[in-house]
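Student: Residues per chain are reported as follows:
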Amino acid sequence: MTLKSRHLLGLERLTRAEIEYFLDTAGSLKEISSRDIKKVPTLRGKTVINLFFEASTRTRTSFEIAAKRLSADTINFSASTSSVTKGETLIDTAKNIEAMRPDLVVIRHPASGAPELLTHWLDLPIINAGDGSHEHPTQGLLDLFTVREKKGKIDGLTLTIIGDITHSRVARSDIYGFQKMGARVRVCGPPTLIPPGIESLGVQKFTRLEPALEGADVVMALRIQLERLAAPPFPSLREYSRLFGINLERLRLLKPGSIIMHPGPINRGVEISPEVAYSSSSVILDQVENGVAVRMAVLYLLSGRSVDAQ
Amino acid sequence: MTQKKIIDAEGLERILRRIAHEISERNQGTRNLALVGIPTGGVHLAHRLSRIIKEMEGNQVETGELDTTLYRDDLPLKGPIFRLKRTDIPFDLNGRRVILIDDVLQTGRTIRAALDAITDLGRPRNIQLAVLIDRGGRELPIQADYTGKLVTPTGNEEIEVRLRESDGADEVIVREKKPDEKPKD
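Residue numbers (my numbering), protein chains in the order written: chain A, 1 to 310; chain B, 1 to 185.
Read the hints as simulated data drawn from the structure, not as lab findings.
Ideal placement from N, C-alpha and C gives every residue a C-beta, glycine not left out.
Hints should not be assumed to be uniformly reliable.
To be verified - Pairwise CB distance ranges (calculated):
id, chain 1, residue 1, chain 2, residue 2, range
1, A, 91, B, 125, 23 to 31 Å
2, A, 34, B, 22, 41 to 49 Å
3, A, 112, B, 138, 48 to 56 Å
4, A, 91, B, 123, 45 to 53 Å
5, A, 17, B, 90, 27 to 35 Å
6, A, 120, B, 138, 29 to 37 Å
7, A, 199, B, 123, 40 to 48 Å
8, B, 6, A, 100, 49 to 57 Å
9, B, 119, A, 191, 32 to 40 Å
10, B, 5, A, 116, 50 to 58 Å
11, A, 149, B, 17, 22 to 30 Å
12, B, 22, A, 78, 27 to 35 Å
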C-alpha cells in the first residue's frame, strides 16, 4: 500500500483504500496507549512542529501525545505568543521554522487552504489539523475509526450530522469520509446553517430533527461555533436547543444500539444535554481516546515512504 | 522454477512435537510459560505449540502475538514505512518464562526488535527463542534455543514456509529466487 500524497490535507482527496490504511494502522497502534510504558521508539530523532494559529486543546494535545508516544520530539507553536503578533506572514513564519529542520508540520489555521499553501512553500509533509471551514481530516478519521470500532463496520450505516454544516470543517471531512466508506450521510440544522446545494455532495438534507434521526445508526451533534458566526443565524440558543438539541427524550427516538458523537468541545445544554453526553449511547470520550491512535497512524505513515512489508 | 520440499505436513507436526517436548524439558514443565509468536508465521506456530502442550501436559499455556515493526532498526533511516501487524499479549509478562516463536531465523534483526518490544511490555523471568527454520546468515549475536531444522540455502535460493492457516498447506520449500525478489528480513 502506498499513499498517493505525502501530505494529509483532507479526506476528499483520499481513496477508500487509503482511508482504510490509516484506520488499520491506527488499530495496530491503539494498544500502545494502554501499556504501562506508553512509548515506542519508531520516530526517534524526528521533530514534529505543531503550528497552531487558532485556539485548540484537544487536537493540539492529541497530536503532541501521539508524536511523543512514537518518540518524536514536538515543538508547539501558538500564534498568540509568536512573531505573528509582530506581523510576520504565514509563509515567512513557516520558512523560518523549516530552516530549523523539522520532519513533519501539523498546522491549524483559521483560513481554509492554509495547509495546502504551505505544501507549495515547504519541502515537508504537511498535516492539516483543521483549516477554516474546509476540512479537519484527522477528526474525520477518528470518527470513522470510532464508528468502525463500535458498530463493527461503516458500510451501509446511516450517519446524521446535526448543526452548523456551513461553518463546520468536521462536517465536511465526515461527509467525504463516511460516504467513501459506504455510509449514507444526512445533514440537519436550521436552513440558515446549511449551505445551498449541499445535496451535490451526495447527502440528504433535513431541516427538522425527528425525521433526520429516524433509522440513524450514528448521530453527530456539532458544536454551535459562536466565534465563527458574525450574527447569530437563529433567534436564540434556547430555540436552537429546543429544535435541534439532543436530549434524553430524543435519544429514545433512535433505534437501539445507535451511538451519539460530538467532536468537542461541547456546549452543555445547547447541541447536546449533559445526560446524553455521558449516557451509555455516547462515544464522545472514545473519540478523544481514538484520536491519539489515529494521529499516531498519520504521523507514522507520513514520516516516510510507504511500502508493503515483504 | 525449480523447488524442493524440505519439510512436509507430517514432518512439521513431528518437529513441533519435538520442540514442545524440549520446551517442557528445559523448563521443568510448562507452568508460568508464555508463547509469543511473531506475525504472521510465528503466531500460527505459537498456537499449534500451545495445542500440543495442552495435549501433552494438560494445561493451557498463555499465547500472544508481538508485532516488531515499530522496533525495526531500519526505520530511523528515513526508510520505508511498513504496514503494521498486531500486538496482542493479553496477560502479564512480568516474571514469566517467555518463548518467542518465529518461522525463519536469518539475520537476527527481527529478534533484536522483538526483545526491545518485550522489554517495553514487561520484565519476563527469561526469554527463549524457538524457530522452525534456522537458515544462517546472522548479523547479530542471536541464537535459537529450539530449532526445527537447520538449512543452508545457496545465494540464489529462497526458503518459503507455508502454513495451512495462511497458505492452505503445511510445507517448507527451498526454491530459486525470483529475479526481482528482495532479501527477506
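Student: Now look at each hint and say whether the structure bears it out.
Tutor: Hints, one by one, checked against the model:
1. 91/A x 125/B: 23 to 31 Å: The hinted range 23 to 31 Å is violated for residue 91/A and residue 125/B, with Cβ atoms some 57 Å apart.
2. 34/A x 22/B: 41 to 49 Å: For residue 22/B against residue 34/A, whose Cβ atoms are near 34 Å apart, the range 41 to 49 Å is violated.
3. 112/A x 138/B: 48 to 56 Å: holds, 55 Å
4. 91/A x 123/B: 45 to 53 Å: holds, 50 Å
5. 17/A x 90/B: 27 to 35 Å: holds, 30 Å
6. 120/A x 138/B: 29 to 37 Å: violated, 48 Å
7. 199/A x 123/B: 40 to 48 Å: Given about 59 Å between the Cβ atoms, the range is violated.
8. 6/B x 100/A: 49 to 57 Å: holds, 55 Å
9. 119/B x 191/A: 32 to 40 Å: violated, 59 Å
10. 5/B x 116/A: 50 to 58 Å: holds, 55 Å
11. 149/A x 17/B: 22 to 30 Å: violated, 40 Å
12. 22/B x 78/A: 27 to 35 Å: Roughly 60 Å apart at Cβ, these two residues miss the hinted range, so it is violated.
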